[in-house]
Amino acid sequence: MSAVEIVLAVVKILILALFFLNMAALSTWADRRQGAMVQDRVGPNRAVVYLPNMAARAIVLLPPALFGVLAIFSSLGQVVGRAAAERFTVNVQLTILVAWFSLLVLCAKVRSGGAINRAEQVFEDVDPRSIFFAGLGVHAIGLVAGRLVTQAAWPLAAQVSGFVLGGVFLLVGLYATSRVPDGKIPLRLAGTLHALADSIKMIWKEDFIPKNGDRLLHGLAPMLAVFSALAVMAVIPFGNDLCFADGNKNGTLDFSDLTNLLATVPASGACNGFRVKLQIIDLNVGILYIFGIAGTGIIGAAIAGWASDNKFALLGGLRASSQMVSYEVAMGLSLVGLFLVYGSVRLSDMAVWQGQNAWGVFVQPLGFILFLTALCAETKRVPFDQPEGESEIVAGYFLEYSGFKWGMFMTGEYIELVFSSALLVALFFGGYSLPFLHPDGITVAFGNTVLFQYKMTHLAVSLISALAFFGKTVFVTWVQIFFRWTLPRFRYDQLMKLGWTKLLPLAIANMMVTGVVVLALRNAGPEADAWVKLLGDITQGVVAVATLAGFVAVVVGLLEPVERKKFLASSAARFAAAVGGVKPEPQQA
Numbered sequence: 001m002s003a004v005e006i007v008l009a010v011v012k013i014l015i016l017a018l019f020f021l022n023m024a025a026l027s028t029w030a031d032r033r034q035g036a037m038v039q040d041r042v043g044p045n046r047a048v049v050y051l052p053n054m055a056a057r058a059i060v061l062l063p064p065a066l067f068g069v070l071a072i073f074s075s076l077g078q079v080v081g082r083a084a085a086e087r088f089t090v091n092v093q094l095t096i097l098v099a100w101f102s103l104l105v106l107c108a109k110v111r112s113g114g115a116i117n118r119a120e121q122v123f124e125d126v127d128p129r130s131i132f133f134a135g136l137g138v139h140a141i142g143l144v145a146g147r148l149v150t151q152a153a154w155p156l157a158a159q160v161s162g163f164v165l166g167g168v169f170l171l172v173g174l175y176a177t178s179r180v181p182d183g184k185i186p187l188r189l190a191g192t193l194h195a196l197a198d199s200i201k202m203i204w205k206e207d208f209i210p211k212n213g214d215r216l217l218h219g220l221a222p223m224l225a226v227f228s229a230l231a232v233m234a235v236i237p238f239g240n241d242l243c244f245a246d247g248n249k250n251g252t253l254d255f256s257d258l259t260n261l262l263a264t265v266p267a268s269g270a271c272n273g274f275r276v277k278l279q280i281i282d283l284n285v286g287i288l289y290i291f292g293i294a295g296t297g298i299i300g301a302a303i304a305g306w307a308s309d310n311k312f313a314l315l316g317g318l319r320a321s322s323q324m325v326s327y328e329v330a331m332g333l334s335l336v337g338l339f340l341v342y343g344s345v346r347l348s349d350m351a352v353w354q355g356q357n358a359w360g361v362f363v364q365p366l367g368f369i370l371f372l373t374a375l376c377a378e379t380k381r382v383p384f385d386q387p388e389g390e391s392e393i394v395a396g397y398f399l400e401y402s403g404f405k406w407g408m409f410m411t412g413e414y415i416e417l418v419f420s421s422a423l424l425v426a427l428f429f430g431g432y433s434l435p436f437l438h439p440d441g442i443t444v445a446f447g448n449t450v451l452f453q454y455k456m457t458h459l460a461v462s463l464i465s466a467l468a469f470f471g472k473t474v475f476v477t478w479v480q481i482f483f484r485w486t487l488p489r490f491r492y493d494q495l496m497k498l499g500w501t502k503l504l505p506l507a508i509a510n511m512m513v514t515g516v517v518v519l520a521l522r523n524a525g526p527e528a529d530a531w532v533k534l535l536g537d538i539t540q541g542v543v544a545v546a547t548l549a550g551f552v553a554v555v556v557g558l559l560e561p562v563e564r565k566k567f568l569a570s571s572a573a574r575f576a577a578a579v580g581g582v583k584p585e586p587q588q589a
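Reminder that position 129 of the sequence shown reads as 129 in the numbering used here, one-by-one numbering, no gaps.
No lab work stands behind these hints: they were computed from the structure.
It cannot be assumed that every hint is accurate.
List of simulated lysine-lysine pairs, BS3-like, C-alpha gap at most 27 Å [what the hints assert, rightly or not]: (1) Lys-205 <-> Lys-311; (2) Lys-184 <-> Lys-109; (3) Lys-12 <-> Lys-249; (4) Lys-277 <-> Lys-249; (5) Lys-497 <-> Lys-311; (6) Lys-184 <-> Lys-201.
Build out the structure end to end from the sequences listed, making use of the hints.
Below, the structure written as structure tokens:
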């Protein structure tokens, strides 16, 4: 293994580790926030850092100033051809985005805190949703206007648009800085500092070990929980493969070759150079490695329960072990149908197949439901959190843990939550692929009919694919957090019955039916392949339309004014109202 490969591996490890750790902290915040909303109380917003006025101004000014200077300096060098056209389009769209988003934030600030000058008074009666829809319209106009620019004018247009983008960034940064009030500024970041404050607090808390507990195993258990959660990320592909040219013509990848990223690659993804996978390691056993390593996390829970010298902790460890045995079988069998369709157990091959055909959730809908259910049970999340079971066994296997060791268990649990979301994305939601996005750009086609085509550089496609993977993972994590505050906990006998009598038979039936269908399609001839390809393209179109509609709906919902209405909804109130209400007695106030 060369020095370049070692450096690239370290960089990829840092990218994934930082993403998983930060997402674990944000998931903790989101979990608490949803609990606060359900119980109508103040959420995790108490942690605050007071910043001096000058420091707050510097923090507000620094990001837009850096982006503005970067945009201006990148426009000083001249680019030609497709790269110039792409840079011009990106600069225009970013300029429009920064402009309308800044106006949107200013409008919200004025409506909540009032205007500080006559210019801001214009936004007092403006609906924020109108700014959003106007921004979408300007985005469309910018795309149409960009098509009118001639090929000879692309280099100049790229430079001018870069200068305009830099100017807009600087203008927004300077005006935002002027709005920072005098005095100390409380920084809460919507309560996200709470996870950081908890982490610092746990480091200094007492590390309690039971008198008759096993000191070695008591300390080893939380390490196993965190190790298994982090080690499984090694085989997750988080972006399209990068292709570098051999600048030295020596046949080996050197540090100098990392600056020679190919401008474009063909639609097939063929690389005439050095291919660097955005994946720590591409094992030929793929998903089997995940099953093997993920099982060690349950061993940590079992060891924690036994080493704590506590009957409730022991019950939690036994529950975790039996739960893993019950649901590991169903989880593995639910994916066999997916392996038959993909023809591989490599996660990188699965991502490529889904980008060329259809997402796994469309070809294996039942397998997705079964795998999601078993995955929730494996990560010990509600409604399958019987190993913790606060109302039954106090806190379960980590009952006798405190301080940093307890924090390691919590961190491992939330990293498992984020990893399970990344695994769902890799298996069922296309991985890093997006509808109609190919290695050479965007091609909207149904069967042999091409409706739209837009060529893109290799760098742009790679960046979009990486952002798509991380964005999907964030969204699926957010959806899984809803399970905790939506579904009630199963009784333990119901949990075991569900795994052995429902999930396992359904997984076996799904595997058998999938095998028959796959065998029939492979022997059906080219006409069946053409129809299957057309159906795959239709699913890509459905995903594209649903994504756009969902984005608009979410933004409109966020911009809509919030109206809080408290009401009493209980069986006692309903029955009392049905009989005419409650009659006040003389002694009542």
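### Violated hints, by number in ascending order, as checked against the structure
none
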